[in-house]
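**Student:** In case you want the letters, here they are:
Protein chains: 2
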Amino acid sequence: MKVQCLKGFRDYLPGEMLQKERMLASVREVFEQHGYPPLMTPALEYAEVLTGKYGDEGEMLLYRFRDNGDRDVALRYDLTVPLARVLAEHGDIGMPFRRYQIAPVWRAEKPARGRFREFMQCDVDLIGVDSAAADAEMLVIGAAVMQRFGIESYRLRINHRGILTALCRLVGLEGATEADFLRILDKLDKIGEEKFRAEVAKIPGLDESGLDKVLEVVLCDQKDPAGVLDHIRSILGEDELANEAIDRMQAILEIVDAAGIASCCQIDPSIARGLSYYTGLVYETFLDELPQVGSVMSGGRYDDLVGMFSGKDLPAIGISLGIDRLFYALGELDLLSGEKQPAQMLVVLFSDELAPASFAAASRFRSAGIETLVYPKAAKVKKQLQFAQKSDIPYVAVIGVEESRAGTVQFRDMEAGSQEELSIEAVIEKVHAGRSPS
Amino acid sequence: MKVQCLKGFRDYLPGEMLQKERMLASVREVFEQHGYPPLMTPALEYAEVLTGKYGDEGEMLLYRFRDNGDRDVALRYDLTVPLARVLAEHGDIGMPFRRYQIAPVWRAEKPARGRFREFMQCDVDLIGVDSAAADAEMLVIGAAVMQRFGIESYRLRINHRGILTALCRLVGLEGATEADFLRILDKLDKIGEEKFRAEVAKIPGLDESGLDKVLEVVLCDQKDPAGVLDHIRSILGEDELANEAIDRMQAILEIVDAAGIASCCQIDPSIARGLSYYTGLVYETFLDELPQVGSVMSGGRYDDLVGMFSGKDLPAIGISLGIDRLFYALGELDLLSGEKQPAQMLVVLFSDELAPASFAAASRFRSAGIETLVYPKAAKVKKQLQFAQKSDIPYVAVIGVEESRAGTVQFRDMEAGSQEELSIEAVIEKVHAGRSPS
Chain D
0 MKVQCLKGFR DYLPGEMLQK ERMLASVREV FEQHGYPPLM TPALEYAEVL TGKYGDEGEM
60 LLYRFRDNGD RDVALRYDLT VPLARVLAEH GDIGMPFRRY QIAPVWRAEK PARGRFREFM
120 QCDVDLIGVD SAAADAEMLV IGAAVMQRFG IESYRLRINH RGILTALCRL VGLEGATEAD
180 FLRILDKLDK IGEEKFRAEV AKIPGLDESG LDKVLEVVLC DQKDPAGVLD HIRSILGEDE
240 LANEAIDRMQ AILEIVDAAG IASCCQIDPS IARGLSYYTG LVYETFLDEL PQVGSVMSGG
300 RYDDLVGMFS GKDLPAIGIS LGIDRLFYAL GELDLLSGEK QPAQMLVVLF SDELAPASFA
360 AASRFRSAGI ETLVYPKAAK VKKQLQFAQK SDIPYVAVIG VEESRAGTVQ FRDMEAGSQE
420 ELSIEAVIEK VHAGRSPS
Chain G
0 MKVQCLKGFR DYLPGEMLQK ERMLASVREV FEQHGYPPLM TPALEYAEVL TGKYGDEGEM
60 LLYRFRDNGD RDVALRYDLT VPLARVLAEH GDIGMPFRRY QIAPVWRAEK PARGRFREFM
120 QCDVDLIGVD SAAADAEMLV IGAAVMQRFG IESYRLRINH RGILTALCRL VGLEGATEAD
180 FLRILDKLDK IGEEKFRAEV AKIPGLDESG LDKVLEVVLC DQKDPAGVLD HIRSILGEDE
240 LANEAIDRMQ AILEIVDAAG IASCCQIDPS IARGLSYYTG LVYETFLDEL PQVGSVMSGG
300 RYDDLVGMFS GKDLPAIGIS LGIDRLFYAL GELDLLSGEK QPAQMLVVLF SDELAPASFA
360 AASRFRSAGI ETLVYPKAAK VKKQLQFAQK SDIPYVAVIG VEESRAGTVQ FRDMEAGSQE
420 ELSIEAVIEK VHAGRSPS
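In the order they appear, the protein sequences are chains D and G.
For the first sequence, the positions run 0 to 437 when numbering that gives the first Met the number 0 is used.
For the second sequence, the positions run 0 to 437 when numbering that gives the first Met the number 0 is used.
So that you can see chain D by itself, here it is in the shape it has in the complex (with noise of 0.2 Å):
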């Protein structure tokens, strides 16, 4: 029998579970302190809702099957289409419609280093709003993520599909052919111009006079985002989509410099995205520190997505974060949680008589907000004193018999090796007061 998690699946267990429910919790105080609410939808849609959706790739990866009522069921490849589907549900949902949501997604993908067949999802959007400030606030609530985990050092890489639609219409291709030139262009860092020319030589109707203007867009080297803005119009700008495009990235830089973000922000029109999905902003972001790590943070305007299922006109933007990728880095970037379990504190269990001492003491250091664990049976202290070592737990108290009828505790601080006796209140403060040096 196989005793086995399922292949392409894991288990978090404890310590890394701890310090990823505390990444988490960090995210959800961020979304909410913007002002989005979380929702919540099954793990399983009707097939219907989800086929047709994800293209034919995406229609291998799900996990789809004949529940007990013989309905044809699927398990969410993602959480924008379920949105979709509650916004087309609940007709009567007001606008603008914000919501976070944090949830694993299943593909039955290939499974990888570091790529699993659940993955949790970690998205807020906006939904009914087309606007400057809309765009930006995403932006806004993308950065701040990054300060809530205290990464320092990272780039929000913007780009406005009109500006791509643009430079498509420079080398004289639009519509299907587009997307493959943006493939090429989306490589372009990694594989250098020279391999460029030669693969975008190869797509049908290219018109190659218009690729030095291409390059000259994509290359810029100007590192101020108005300067690169200017740029980018003194060549794209007779063309009225990318003109729209560059307004609307002017008036989204002038936000988000008001809110004391711009110096994260860059913008790099060869950043492309999914773009059959995409109609406005889009945006990547990476860490100076791991570039390795690839995008930790996308997203951007879809306005044709959400209205899908109600045909309503629905404009939306939103972020993805990468929580497996962020959690990775936050590992690697050394600002994870520290904590390996939850507890201070370990009240040691000397007697099976003295557990209802040891219970009381317990009682008061959680009632003063201290995390206290009791050993929970009887056993030698050394033994006891082995565990909070090898569980990381700072502080220990052990009451014994004399302790017990004195009202105190003999306090431990492992760290320091010291021990003394004191009274509850005495331990109380001991331990806040290590908690925040001031």
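Just so you know, the hints here were simulated from the structure itself, not pulled from any lab data.
Only true hints are included.
When chains are identical, the list treats them as one kind, so a pair holds in a single copy or across two.
Cross-link-like lysine-lysine pairs, in silico, DSSO-like; alpha carbons within 27 Å at most: (1) K311 - K6; (2) K311 - K376; (3) K6 - K109; (4) K311 - K1; (5) K222 - K186; (6) K1 - K52; (7) K389 - K429; (8) K201 - K189; (9) K311 - K381; (10) K379 - K311; (11) K311 - K382.
Since the structure of chain D is already known, use the hints to place chain G on it.
**Tutor:** This is chain G only, laid out in the frame that chain D set:
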């Protein structure tokens, strides 16, 4: 096309979900205060891990299917069997092992009012120890959850399997027929003594001469737990198993007394629960003001279950919160967070030109810990105030041309209906003062 939530499932829309999230955050807080860290296991398991664990009825309710790699898989039915799988798979996990898990489980139940096919389970378990201290710890945690919720009037009704077995012996039953007897005993409250006698009389092998003694134990009208135990001992004292159970209960009572929660505990020899599972202490929790809701928190010692995969002897005790019932009950008792959305403050977007000023103010409010929403589009101030009203946002800041120049805001207290021009610092002070009236 069915654009709707799958039959038997439900969405939690933002207002309700925010309250639920707040409730779950409290639960996590209590668990961690007692030194329990979280665990996360996948939604899907190999079917053979889950099958044969839940009885024939449970088996029928499994969501089981062949995955894209033709593996026989199933959605988890509870959080206990996955826990047992984790302990078998990670053999080097230290003991005693503690974890909590809050996660959805799936059962293809016939949907009914308040019963869904996806629901959240919330379990805390302590593995590797069989002791009165471990038993008492569960009751302490359960009481702490109730206290954290603000529930004042509830009863933790506790019993011990040893007492139940001794009751069965009084009427000559052992083994398979025991469960039938206890199932009827469990209903005694509802069906009354006469019907109870009639129903048990049908059990083959029942020795009716012992029935009076059974009823004498079960209908004990002592209130004081120590008195109940004395009463039980006076009747079952010659049964060794009962004696051991009574000794254990006595030790548990001393501990919960020391922990300050004895007044919430009540010994109730009729509490049986799903007996096949349990081997020692069992408990159910009822709210005095809402008895019709049923048990909101239950569990017990189940020493033979967790070791089933590893073959190791892994004594275990746990408590499971009925999150959905508790959510309903907290609503009825008016103990849920009143928030329908997280924002304390709405910053009005007066015009596109003033968007930067509004975002700058919002950033300062958020830095001061005030959850702040910016209206995402320039619109009439009246419309934006209506939005604040409808959304229950208590404070509004309007920044027009004059205010932007002067570095002030028009600060509106929605409830008081007052409005005044204040500096941003003054607004922050006012909001903080309004939050913690002292």
